[in-house]
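In order, the protein sequence lines correspond to chains A and B. In terms of the working numbering, the first sequence opens at residue 1 and continues consecutively. In terms of the working numbering, the second sequence opens at residue 1 and continues consecutively.
Derived from the structure by calculation, the hints contain no laboratory data. These numbers were taken from a predicted model, which means no experiment stands behind them. There may be inaccurate statements among the hints.
Stated by the list, open to error - Below 27 angstroms or equal to it, Euclidean Cα-Cα: the simulated DSS-like pairs (lysine-lysine) are: (1) Lys275(B) / Lys250(B); (2) Lys139(B) / Lys47(A); (3) Lys121(A) / Lys245(B); (4) Lys159(B) / Lys111(A); (5) Lys47(A) / Lys140(B); (6) Lys197(B) / Lys275(B); (7) Lys197(B) / Lys140(B); (8) Lys51(A) / Lys197(B); (9) Lys134(B) / Lys47(A); (10) Lys310(B) / Lys121(A); (11) Lys121(A) / Lys275(B); (12) Lys47(A) / Lys310(B); (13) Lys111(A) / Lys275(B); (14) Lys121(A) / Lys202(B); (15) Lys134(B) / Lys57(B); (16) Lys47(A) / Lys111(A).
To be verified - From the derived model, a few chain B residues whose C-beta atoms are all more than 10 angstroms from chain A: (17) Arg74; (18) Met132; (19) Pro314; (20) Gln405.
Glycine included, C-beta positions come from ideal geometry on N, C-alpha and C.
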Amino acid sequence: MGPVEHTLPNDAPVTRIAPHRGWFDLRIRDLWMYRDLLYFLTWRDVKVRYKQTALGAVWAVLQPFLMMVVFSVFFKRMLHVPSDGFPYPIFAYVALLPWTVFAQSVSQASKSLVAGSNLVKKVYFPRLFMPLGSVLAMLVDFFLGGLVYVGLMLYYHIIPHWTALLLPAFLLLAFCTALGVSLWLSALNVQYRDVQHTVPFLIQIWLFMTPVIYPTSLLGRYKFLMALNPMTGVVEGFRWGLLGAGRAPGAIIFVSVASSLIILVTGLLYFRHMESTFADTI
Amino acid sequence: MGHYAVTAENIGKRYRLGEREPYKTLRDTIMRAAGAPFRALRSRAHRSGPDTFWALKDISFEVVPGEVVGFVGRNGAGKSTLLKVLSRITDPTTGHAEIRGRVGSLLEVGTGFHPELTGRENIFLNGAILGMRKQEIQKKFDEIVAFSEIERFLDTPVKRYSSGMYVRLAFAVAAHLEPEILLVDEVLSVGDAAFQKKCFGKMGEVAGEGRTVFFVSHNMAAVQYLCTRGFLIDQGQVVATGTPKETVEKYLRLISAQDLHATRDLAALPRPSNKQAVFSDGMLNGQPLVGNHVVSPGDDLAFELEIDLKESRPRSVLGITLEDDLGIGVIGLNSRLQQGRRDFAPGRHRIGSRLANLPLVPGRYYLSLFFGSSGERMDILDRIASIDVVKTDVYGTGEMPGRGQGYYLADAEWTFEEAGKR
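Using the sequences provided together with the hints, build the complete structure.
Right, here's the structure in full:
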């Protein structure tokens, strides 16, 4: 019984399988073919995050809000940290808004591959979507957190500045940074589970390295060194954008964007390079 | 070579032995780096032991559209690794392959199901994971639901599903994936018999539509029934190819040749890669279970088995099966049939089973064990013992039954009368 001859449509996609070589093959076409999966993975992360919690999505708002309250009590009341002439709560909240999203994205996304190790071992799809989906899912929290900001503005009678129109650009900077860091950490975590234990610690240190609690003006001439931490640029941008605080943070942003791009591009290359070994090492 | 669906040339996959460990810690790497000079010295001293092994070596083949290719081989022979390479889960170390058409791989049922999401939500998520577009899933949604028979529970989180429902839903999604090339690994060993039958039907349908299927299984009957060509893989290489029947015969000869040196230690035996060891000890008629046994028709088979459970196993069943040299099932004992399903607490349990009055015709039979819990097969030990039923004078006539009489000893009364002289 010989096999029946069937013809394939000429446009049938051809998949080539060969040993992985080189560092610069990002396989963009593949990402495009699987784009619906990115949507579903993000959607899954959003849906599942607050399942079986009593407060549900309220957590997204509660986290930055409570941090703001704690910071206001300790750093303003007890330590008298300056806040560039703005009420400290709103000064802190404006920074906490992007910070919380960054911190949550990184802690979720760095675990994403290992948490989904079953998927990695049993199906093919661009693994990039796992950390990317986790980071995208956190954007929903950002918008919920933004509602609290509107409330604070009304409470303190602060009128939005025109610079608020530039916020999407600073959000994009925060997103790129979170993604870049997550790509590095999630890929490293596949091989070294130490990463899992390091991340909470790393995020805490990072918080103190970022002018969330204190204003950049406190840094003086170390400002540009601190701007190597892209989150400095993000926080600076958010303060300027939402409060109109100080002068436009030109050079700081420039340094932060450059450093964020370096993290993102190297993260992307490292991730794509290691991707083919994930199933063997995870 | 435009008309091939899949071509593979010299595919090889090398693993470093370290990679088989569950994971590395940074400390290990640092320690290894620190110890490197000494290790270099040591490895020069012991050149015989390289710490790599080839899971696949020089695999080459060409498959045309519409073929259903069955891969058979022992546990750990490399079948699953080959499917992983072809589905791009892992890269080959050498060689290359080309696949024309959309690839769907089904190495496990229900990969990516999220327990907190509802059945409806999981259909979409799982479909997307398997490579379906959103529109495609929407279009086939009703069909998937109908196939899975879970309409009433569509909006219930799947963590509340019984394992049977879970498997049905998962297979339903996978079955409606319509790739030109389908890679399937042993997934049909889940679910109850009725559902398995339905799955086989679906597989046959897929093949009938001219799509190419790669099928890995230990179920020899399924390979012979579904496939148009067979590959026998051993130690990472294709050692034989031909019709499914030829390949299955070669496989069975291969595993019969493996010396089953007598042992009662079942924990140490090889398992299919996705199974865990449950069986720990076994005896048959007072002899170690693994190995060859010689019995006569009408003898009893008394099994004493021990299982070792790390967690509690609710609704469990034990099975003992006998098949002939062609892999055709002859006797299947299942504890569910006589005792119902049982809940087992963690720890070790001794189980006795007695098959009285063995009704088999003389010949060689192979024994397999399985342990299932909540509808899932946890442990499988394939053909770990052979039983030679020797020719004896069963009927006291000096005439001995053999294969010509089929499998079962049947006792018949004959009457002969003269009904008229000529």
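Consistency of the hints with the structure:
| no. | hint | in the structure |
| --- | --- | --- |
| 1 | Lys275(B) / Lys250(B) | holds, 25 angstroms |
| 2 | Lys139(B) / Lys47(A) | holds, 23 angstroms |
| 3 | Lys121(A) / Lys245(B) | violated, 32 angstroms |
| 4 | Lys159(B) / Lys111(A) | holds, 22 angstroms |
| 5 | Lys47(A) / Lys140(B) | holds, 23 angstroms |
| 6 | Lys197(B) / Lys275(B) | holds, 22 angstroms |
| 7 | Lys197(B) / Lys140(B) | holds, 21 angstroms |
| 8 | Lys51(A) / Lys197(B) | violated, 37 angstroms |
| 9 | Lys134(B) / Lys47(A) | holds, 18 angstroms |
| 10 | Lys310(B) / Lys121(A) | holds, 24 angstroms |
| 11 | Lys121(A) / Lys275(B) | holds, 15 angstroms |
| 12 | Lys47(A) / Lys310(B) | violated, 33 angstroms |
| 13 | Lys111(A) / Lys275(B) | holds, 26 angstroms |
| 14 | Lys121(A) / Lys202(B) | holds, 25 angstroms |
| 15 | Lys134(B) / Lys57(B) | violated, 38 angstroms |
| 16 | Lys47(A) / Lys111(A) | holds, 17 angstroms |
| 17 | Arg74 | holds, 21 angstroms |
| 18 | Met132 | violated, 8 angstroms |
| 19 | Pro314 | holds, 22 angstroms |
| 20 | Gln405 | holds, 31 angstroms |
Checked against the numbered hints listed earlier, the structure breaks hints 3, 8, 12, 15, 18; every other hint is satisfied.
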